[in-house]
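K.L.:
Letter by letter, the chains look like this.
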Amino acid sequence: MQKRLISQLVIIILALSLTHPVRSAKDEGYDVVVKLVETHYRVKRKSVPLLARAAIKGGRAIARIASSSIPELAEAGSIRLAVFENQDFSHPAGTIPFMAALRAALSPEWSPLVEILLPQDDEQTYIYLREAGDKFKLLVVNIGRRDATVLQVKLSPETLIKLIHDPEVMGKAIADEAGGSNSP
Amino acid sequence: MKVFASSILKLLSLLFLTAFAVIPACAQSNAKLQIDSLDRLASRASQTIVVSIDERVLKMGAPFLKSTDPNEAQIKELLDGIKGIYVRNFEFENEGEFTEADIEAIRSQLNAPGWSKIVEARSRKEGENVDVFIKTNDTKVEGIAVIAFNSKQLTVVNIVGSVDMDKLSQLEGQFGVPELELERESKENRPQPVKKN
Numbered sequence: 001m002q003k004r005l006i007s008q009l010v011i012i013i014l015a016l017s018l019t020h021p022v023r024s025a026k027d028e029g030y031d032v033v034v035k036l037v038e039t040h041y042r043v044k045r046k047s048v049p050l051l052a053r054a055a056i057k058g059g060r061a062i063a064r065i066a067s068s069s070i071p072e073l074a075e076a077g078s079i080r081l082a083v084f085e086n087q088d089f090s091h092p093a094g095t096i097p098f099m100a101a102l103r104a105a106l107s108p109e110w111s112p113l114v115e116i117l118l119p120q121d122d123e124q125t126y127i128y129l130r131e132a133g134d135k136f137k138l139l140v141v142n143i144g145r146r147d148a149t150v151l152q153v154k155l156s157p158e159t160l161i162k163l164i165h166d167p168e169v170m171g172k173a174i175a176d177e178a179g180g181s182n183s184p
Numbered sequence: 001m002k003v004f005a006s007s008i009l010k011l012l013s014l015l016f017l018t019a020f021a022v023i024p025a026c027a028q029s030n031a032k033l034q035i036d037s038l039d040r041l042a043s044r045a046s047q048t049i050v051v052s053i054d055e056r057v058l059k060m061g062a063p064f065l066k067s068t069d070p071n072e073a074q075i076k077e078l079l080d081g082i083k084g085i086y087v088r089n090f091e092f093e094n095e096g097e098f099t100e101a102d103i104e105a106i107r108s109q110l111n112a113p114g115w116s117k118i119v120e121a122r123s124r125k126e127g128e129n130v131d132v133f134i135k136t137n138d139t140k141v142e143g144i145a146v147i148a149f150n151s152k153q154l155t156v157v158n159i160v161g162s163v164d165m166d167k168l169s170q171l172e173g174q175f176g177v178p179e180l181e182l183e184r185e186s187k188e189n190r191p192q193p194v195k196k197n
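Chains as they are written, first to last, in the numbering used here: chain A, 1 to 184; chain B, 1 to 197.
There could be a bad hint or two in this list.
Stated by the list, open to error - Some chain A residues near chain B, calculated using beta-carbon distances under 7 Å: (1) V43; (2) H91; (3) S107; (4) P112; (5) L118; (6) P157; (7) P167.
No lab work stands behind these hints, which were simulated from the structure alone. By construction, the Cβ of each residue, glycine as well, lies at the ideal position given by its N, Cα and C atoms.
Chain B extracted, bound-state conformation:
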């Protein structure tokens, strides 16, 4: 009995240790950024839009997209491999309502292993700044992040799952992803909003 009791306690201890060891490992492999910290900007913004289409919501809707309907089939293909779409968009009345530190809170997460900056666009004339980051694991894309801002607007887009630049440009203007004008020509091929019969 003593041996049995001791074994159970050892097993429970091991389970606890394993559980705590697994949590950080999962977090590391996840391409989901912590963007909630930006929400405090909402108190200064003239408009705040938060879109969170998580894996659960996608799983709820995606199975009902009909492959027989060309438009729905296109949406299905677009969402294939995507595990989440998270957007924060803030518009401000005045300049200087957000700082470099606010953006740095997101950029610092993109310094983690696996993330690389693939686009850095700066427009001095219009004051527009767009950075696009991609997270890869070997050759597999696990996520994408976009930070776009000017003096009165800040947008952060985080798409988790298998997504590339082509897909990102197709997602613009849909599923809560704002128009980032990453690739104008691909917009003509977008699926139209679903219409109920």
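One chain only, chain A, in its complex shape:
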């Protein structure tokens, strides 16, 4: 009887554990999204020397949302940036499959804040947020016709407030700054 009870309990515990999928501790939004962009569009990000220019772009984007200078931001936390330049980001099924794949790929800790799709310009911008101790992680994905940027940065609570106060305008501003050659 005891054996039967134990086996029944094991089955119940297994069933419960299967209903709550466990994600790897390495499931960082940035890594997941960079891999997703690479596989979905079959593109490769730029090599290290070219990242200098990209870092300036990323810094400008964050400076824009934080209304502060790049040195101030460097103190605020790490910036992770991947840039895909002069590659083909067209997809036969349009922008929707990537939006769906992105939503599915990110762990539930990431909250979507803004998603902007402009199919005529082949432009997509996604902004996700998650808590990171006393700060917040912001993940920005911008995909244009020939370029894409994936940017993750830690933000102060003050910047977060600014972002949620006007998410659409801020989202477009970030897309313009962090975006590729499609941006003026």
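Based on these hints, arrange chain B on the given structure of chain A.
P.N.:
Below, chain B without anything else, positioned relative to chain A:
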């Protein structure tokens, strides 16, 4: 031992049953609409804007709003009681890219108990249609929904939490809520965007 084993199994069964019974009850009391179904319109839209400020994001930011700063205090007051702001805005190049069935998918949820239509505005000249719904539980407001559309644009706004028409009009143009022009005169009293010192 037999009695003990039997009790544990009964208790586990009861926990399972209770868990499944509680989920629909929670869903019923929630004023959050299922608006994801509209996302398929994105493939036909010339512009799609999705804003999702959920309770978790609000909880992340709200505690850091300073009551000493008049502007931040105003935002804090505005967000007080709000558990989520969800917006879908689609703009189309041509007419007929969305149908009554797309809107009906949202309207049908607003037929549920607790929801009432409080505004129905129709402009034949400009083809504008705005419906505002409010969800109440006794006298407590639990949420608000706005469906606004014309031949080339569809906007759905769902605010979950304690919100009234006055607050809705103040939220217009901020926190992802588009300009619905529900109450023009109240706009002058809005807080300005937060500026970092």
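K.L.:
Hint by hint, say whether it matches the structure.
P.N.:
Quick rundown of the hints versus the structure:
Hint on V43 of chain A is violated. Least Cβ distance to chain B is approximately 22 Å, over the 7 Å limit. Restraint check, H91 of chain A versus chain B: the minimum CB separation of about 12 Å is more than 7 Å; hint violated. Because the closest C-beta pair between S107 of chain A and chain B is about 13 Å apart, greater than 7 Å, the hint is violated. Residue-level restraint check for P112 of chain A holds (minimum Cβ-Cβ distance to chain B is 5 Å; threshold 7 Å).
Interface restraint check: L118 of chain A against chain B, minimum CB-CB distance 6 Å, threshold 7 Å, status holds. Look at P157 of chain A: its Cβ gets to within about 3 Å of chain B, closer than 7 Å, so that hint holds up. With a cut of 7 Å, the hint placing P167 of chain A at the interface with chain B holds, because the nearest CB-to-CB distance is about 5 Å.
Comparing the model with each numbered hint stated earlier shows that hints 1, 2 and 3 do not hold.
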